[in-house]
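**Q** Sequence:
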Amino acid sequence: MRPTVTTLGGAASAQPNEFDYKRIVRALEQRRRYRYVTPVVTKTANGYRIQSPCCSRNVDPDGGVIDIALVLFDERKGNWRLLRKDHAIGVWELDSEFPRLAELLDHLKEDAERRFWQ
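The working numbering puts the first residue of the sequence shown at 146, with every later residue one more than the last.
Treat the hints loosely; a few may be bogus.
Claimed, not checked - Quick list of in silico lysine-lysine cross-link-like pairs, DSS-like style, CA-CA up to 30 Å: (1) Lys188 to Lys167; (2) Lys254 to Lys188; (3) Lys167 to Lys222; (4) Lys167 to Lys254; (5) Lys222 to Lys254; (6) Lys188 to Lys222.
Claimed, not checked - With beta-carbon atoms standing in for the labels, derived distance ranges: (7) Gly209 to Arg259: 25 to 31 Å; (8) Val185 to Arg259: 17 to 23 Å; (9) Lys188 to Gly235: 31 to 37 Å; (10) Ala257 to Trp237: 27 to 33 Å; (11) Ala190 to Arg168: 15 to 21 Å; (12) Gly223 to Arg259: 15 to 21 Å; (13) Glu248 to Asn162: 28 to 34 Å; (14) Thr187 to Glu238: 17 to 23 Å; (15) Arg259 to Arg221: 20 to 26 Å; (16) Thr183 to Arg221: 17 to 23 Å.
Quick caveat, the hints were computed from the structure, so don't treat them as lab data.
Glycine included, C-beta positions come from ideal geometry on N, C-alpha and C.
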C-alpha cells in the first residue's frame, strides 16, 4: 500500500513531496547533457516539472527557459510517468513509465537520444 498524506478533507496525493523533490534536484546535477546550466524543478499536481535555459538554441533561439520533462506519479497504476515536450506543437508526450523514481531519473540523466535535453 502506498503512503498518503491525510488532510481534513480526506486522503490527498503522496506527490509532490519534499523528499522526492530533493532526489530529483540532486539527480539532475549528475546529468550528461548541458551541465553548465541550472535546471529548475517545480512541484505540480502529482509530480514535478523540469525547466532549463535552452543553451543549444534549437528550441528557443534566444536561449530562454524551456520545458525539459514532466515527472508524474500515477497512483492508480503505482508507477512513474516521464513526459517530454514536443516544442513544435507545444504539448507533453508520454516518453516512458517506470516502477521506481530512481529508474526514471537514470533514464532522464542519460538521455541518450536527446529527447529531453535538446
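**Q** Tell me, in ascending order, the numbers of any earlier hints that this structure violates.
**A** As far as the earlier hints go, 7, 9, 10, 12, 13, 15 and 16 are violated by this structure, in ascending order.
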